Amino acid sequence: MYLALKEIRHEKLRYGLIISMVVLIAYLIFILTSLAFGLAGENTQAINSWDAKSIVLNKDSNISLTQSTITNDQAKDAKLSSKEAVIGSTPVVAKHKGKEKISASFIGARKSQFIIKDLKLTSGHKARNNHQIVVDEKFKTDGYKLGDKVTLNSFKDKYQIVGFTKNAKLNVAPVAYGTMATWKYLRGIPNAPVSGSAIVSKNAKYNAHDSHLKTYSMNKFISKLPGYSAENTTFGFMIGFLMIISLVIIAVFLYILTMQALPTYAVLRAQGIPARALVSTITSQSLILMASGVVIGALLAALTGSLLPVGVPMAFNIPVLTWISIGLMIMGVIGAAIPAQKIATVDPVSVIGG
Amino acid sequence: MSVIELKNINKYFGSGISKVHVLKDVNFAADRGQLILVVGPSGSGKSTFLTIAGGLQTPTSGSVEVEGQPVEKLTKGQRDKLRLNRVGFVLQSYNLVPYLKVKEQFAFVDKVKREGNLSKQDLDNLLKQLGISQLVDKFPGELSGGQTQRVAIARALYADPDIVLVDEPTAALDSEKVAEVGKLFKDLAESRNKAVVVVTHDLRLLDFADKTYEILDGKISLKDKEHVLDR
Ligand SMILES: Nc1ncnc2c1ncn2[C@@H]1O[C@H](COP(=O)(O)OP(=O)(O)OP(=O)(O)O)[C@@H](O)[C@H]1O
Ligand SMILES: [Mg+2]
Chain X
1 MYLALKEIRH EKLRYGLIIS MVVLIAYLIF ILTSLAFGLA GENTQAINSW DAKSIVLNKD
61 SNISLTQSTI TNDQAKDAKL SSKEAVIGST PVVAKHKGKE KISASFIGAR KSQFIIKDLK
121 LTSGHKARNN HQIVVDEKFK TDGYKLGDKV TLNSFKDKYQ IVGFTKNAKL NVAPVAYGTM
181 ATWKYLRGIP NAPVSGSAIV SKNAKYNAHD SHLKTYSMNK FISKLPGYSA ENTTFGFMIG
241 FLMIISLVII AVFLYILTMQ ALPTYAVLRA QGIPARALVS TITSQSLILM ASGVVIGALL
301 AALTGSLLPV GVPMAFNIPV LTWISIGLMI MGVIGAAIPA QKIATVDPVS VIGG
Chain W
1 MSVIELKNIN KYFGSGISKV HVLKDVNFAA DRGQLILVVG PSGSGKSTFL TIAGGLQTPT
61 SGSVEVEGQP VEKLTKGQRD KLRLNRVGFV LQSYNLVPYL KVKEQFAFVD KVKREGNLSK
121 QDLDNLLKQL GISQLVDKFP GELSGGQTQR VAIARALYAD PDIVLVDEPT AALDSEKVAE
181 VGKLFKDLAE SRNKAVVVVT HDLRLLDFAD KTYEILDGKI SLKDKEHVLD R
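So the protein lines, in turn, are chains X and W. Going by full-length UniProt numbering, the first residue of the first sequence is number 1, and it counts up by one from there. Going by full-length UniProt numbering, the first residue of the second sequence is number 1, and it counts up by one from there.
Bound conformation, chain X alone (with noise of 0.2 Å):
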């Protein structure tokens, strides 16, 4: 630790250049993940509202709630309780004079069952007929305010907003909730002989018994919405390549002054200092590095997520973040073992002249 802070201390344009280095990093893999979580917390936010385990679609919509439909024959062999729900989906644009539109998933759902029974709202009350909805905050912050009357697509009717709810965001889009009958109406079925979109259950292993049907998991659903897993896995790539660059350049950069410093290293093992105070001097200097670079990349991760106007979707995820932390100091161990590896085994007697 001596010598580690010594050197630092003493080079200090080298190792601020490499902090810096490492700052940047972490702080792009800061960034990255917590528009990660954004995103998919706005994909899945309504879905984690309503705390259901399992849904159900019809078997031949690709497990796509917006083509799935559910006739009302099915839905009455399906032998609701209290633990299931019927919801209708469709994609809806919400407009107002003068005012930003707005693309939101409608989601009809019967006020007896647990989806509106159980929605919280943060200011007026749930729809009481086929003209009121409640719709996510998301209205608000564009402008929106109790009692405004919107349209939806293209039909003339209005609809009022009589409630505001948080956190309702179903694959990105804000959610309107209303009642079954606004569902088929938009739908442009109003008399078919349809329940809805599908049932959504809190048990995980509830059965609709209909050969149409079919139960997923809701980890399965979500992980079909659209967009959702390439999302994913792009971002997941993107974090995982950070973590090998940022291991790369802290290797390469260890290397590169330990060669150098090879031979102080010998005389050091020449005089008798043990392998293993020189070894701990680079993996301390490592840790150094890496933790000053990871603390200075959250500190402006934060910055920058308190700048950011509010549409922007980034979640901090503190577990995660904690965690993607250790993973870099990790990185800086690894980083440092083959540098450690030099000096550990540097051979004293190819520093007397020979």
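Among the hints, erroneous ones may be present.
To be verified - Calculated lysine-lysine pairs in the BS3-like style (CA-CA distance at most 27 Å, straight line):
1) K76(X) / K59(X)
2) K79(X) / K53(X)
3) K6(X) / K111(W)
4) K101(W) / K342(X)
5) K6(X) / K113(W)
6) K12(X) / K138(W)
7) K6(X) / K138(W)
8) K342(X) / K81(W)
It is worth saying that the hints were derived from the structure and are not from the lab. No experiment lies behind these values; they were computed from the predicted model shown.
With the hints as your guide, set chain W with the ligands onto chain X.
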């Protein structure tokens, strides 16, 4: 008893047709309070001798004894300790850690070897004796060649070793400086009661030695100085 003794040392390098016999039946002893010179031409085996004496290399056969203790019986860690505690090396280059101030070179020894080092008072005296007291806050890069060598000597003596092994201390020095260095090592040996072993091809140091060995082609022999000069 000699503080360091080499008995019937042989050292071979390589094998088969490229096998070379570098040290041949070397016998050597050094006592406290003496400056011992080992002279010989380039390639005669001086460095090999020095590294074996300091426990950095093991001889192919024979025995090195430090205060009666055979070095070849020690483990690697024990040999590290031996060098840390009993042997001081003064090498030609890279002696000092470049990013430590002169005073920190000693502080670092304290970190690794917690006891038996010179006291603050002793260190001050040593630095005065070497004429480098004013350099304690400088980095090695800020020192002249001669100053660096003196700091390296102080560094080697700081752990209070019994034996000081010195490699070519006068390479590229003019005669006046050579005399200074010779006198310095002789003084240190006497005033601090160390066995100082200097390997060199520089015959200008002969005047200062209490005892002179000559290595020729791997064979070592004790000489009086007229004999060495005769050659
Ligand atoms: N590791 C080694 N492998 C093979 N041969 C070696 C090795 N080390 C030394 N030698 C050989 O042993 C002989 C003596 O080498 P040594 O370095 O001891 O000489 P020296 O007296 O110190 O020479 P110089 O004055 O040039 O430093 C040389 O012929 C050298 O080539
Ligand atoms: Mg040599």
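Holds or violated: are the alpha carbons of K6(X) and K113(W) at most 27 Å from each other?
-> Holds: K6(X) and K113(W) sit about 18 Å apart, inside 27 Å.
Holds or violated: are the alpha carbons of K79(X) and K53(X) at most 27 Å from each other?
-> Holds, at about 17 Å.
For the pair supplied as a hint, K342(X) and K81(W), confirm whether the alpha-carbon distance does not exceed 27 Å.
-> holds (21 Å)
If you draw a straight line from the CA of K101(W) to the CA of K342(X), is it 27 Å or shorter?
-> holds (25 Å)
27 Å Cα cutoff - pair K6(X), K111(W) = Given pair K6(X), K111(W) holds - Cα atoms ~13 Å apart, limit 27 Å.
Hint consistency between K6(X) and K138(W) [alpha-carbon to alpha-carbon, up to 27 Å] = holds (14 Å)
Proposed proximity, K138(W) with K12(X) (alpha carbon, max 27 Å) = holds (17 Å)
27 Å Cα cutoff - pair K76(X), K59(X) = Since the Cα atoms of K76(X) and K59(X) sit roughly 17 Å apart, the hinted pair holds (cutoff 27 Å).
In summary, this structure violates none of the numbered hints.
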